[in-house]
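Please take these sequences and the hints and turn them into a complete structure.
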Amino acid sequence: MDYAPAEATTGTGTLPPTPLKILIAGGFGVGKTTMVHTLSEIPPLNTEQEMTELSEGVDDLSAVPDKRTTTVAMDFGRLTVDDSLILYLFGTPGQSRFWFMWDELAAGAVGAVVLVDLRRVDDCFAAIDYFENRGLPFVIAINDFPGTERFDARVVRDALVLKPEVPLMWTDARDGRSGLAALISLVEHALARVAA
Amino acid sequence: MDDHLGPDGSAGGRVVPVYALTRGRTRSSGRDMPIESLVSVTEHGQRSVASLDIEYRRIVELGRRVVSLVEIAFALRVPVGVARVLVSDLAGCGHLVIHAPPPLEANGGPSQELLGRLLDGLRAR
Ligand SMILES: Nc1nc2c(ncn2[C@@H]2O[C@H](COP(=O)(O)OP(=O)(O)O)[C@@H](O)[C@H]2O)c(=O)[nH]1
Ligand SMILES: [Mg+2]
Chain A
16 MDYAPAEATT GTGTLPPTPL KILIAGGFGV GKTTMVHTLS EIPPLNTEQE
66 MTELSEGVDD LSAVPDKRTT TVAMDFGRLT VDDSLILYLF GTPGQSRFWF
116 MWDELAAGAV GAVVLVDLRR VDDCFAAIDY FENRGLPFVI AINDFPGTER
166 FDARVVRDAL VLKPEVPLMW TDARDGRSGL AALISLVEHA LARVAA
Chain V
-10 MDDHLGPDGS AGGRVVPVYA LTRGRTRSSG RDMPIESLVS VTEHGQRSVA
40 SLDIEYRRIV ELGRRVVSLV EIAFALRVPV GVARVLVSDL AGCGHLVIHA
90 PPPLEANGGP SQELLGRLLD GLRAR
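Quick mapping for you: the protein sequence lines, in order, are chains A and V. Take any residue in the first sequence, note its place counting from 1, add 15, and you have its number in our numbering. Quick note: the second sequence, position 39, residue 28 per our numbering, numbers continuous.
Read the hints as simulated data drawn from the structure, not as lab findings. Think of the CB as a built atom: it goes at the ideal place given N, C-alpha and C, for glycine as much as any other residue.
Now the stretches of chain V that chain A is said to cover, found in silico as 3 or more residues with beta-carbon under 8 Å:
1) 22 to 28
2) 59 to 72
3) 94 to 107
Here's what the structure looks like:
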């Protein structure tokens, strides 16, 4: 039987297949899963699974087959950008005990969208501190939940102690255009920093 | 029924648990193969697919479309560290190519050129 050649190895472009990644961060219930699923072209079926720690050694597993390993729910999405460029989205749990995972995800990343629920701003501080310390570009996306008081952007910036250059926007994670606008803002921000 | 072969052509015997395939190997290539690394199948891999152990075969089948390490891990429901070992095995005997990750700027991020292409692509959506 003849197999079709792999698409991207013989694609129209001469550019090699290249992955890029963006992190979607924020506290529990802030809309990470929703945003990744709304933006992703792969069906949501497989995109959130309990996964054993990314770097977990298999030695432990084979030694103790029924050992319960730490599992984390990581959202995962994919957008084909052009012939050779694929963007991966990773929705990462905001708690600091998952920093081991963030390190691996953040390495080489374009940057992060930090989702914020203004009713629970404290939840996003760990993420903001982490990306600031790492020097990773990030934007703040305020998800508008019903019953949230309408604050002025300046008030929100003060509350989050944002540097003036950090983009801030209001989004709806359930709306693809809105999520896309957040990604575009992040890439513009990252570009401005590379160009500077 | 058939005996399946390991990716190096050695007799693999019956379908074995994926952890047995990795034989405890892990971590070795974490730095060289980030989780978003892309792989695709080679012609040799396509020809050999039927002879492979089930987990290897599934990876080679997934690789007919360019696919990332993390997608492979999700599809096989194994930790990324395990998928990394299996992918290394397959690449080592020429069934898969691992596409080199893009070179990074001094600030640790992607190049201006790549970010520009990403921006164009996102804006065109
Ligand atoms: N009104 C509103 N609801 C949202 C938004 N994003 C998520 N939700 C809802 O909030 C709940 C939690 O979202 P989820 O994506 O699971 O949060 P996660 O824990 O960060 O992954 C779900 O019921 C969503 O439908 C948003 O932008 N606006
Ligand atoms: Mg979630």
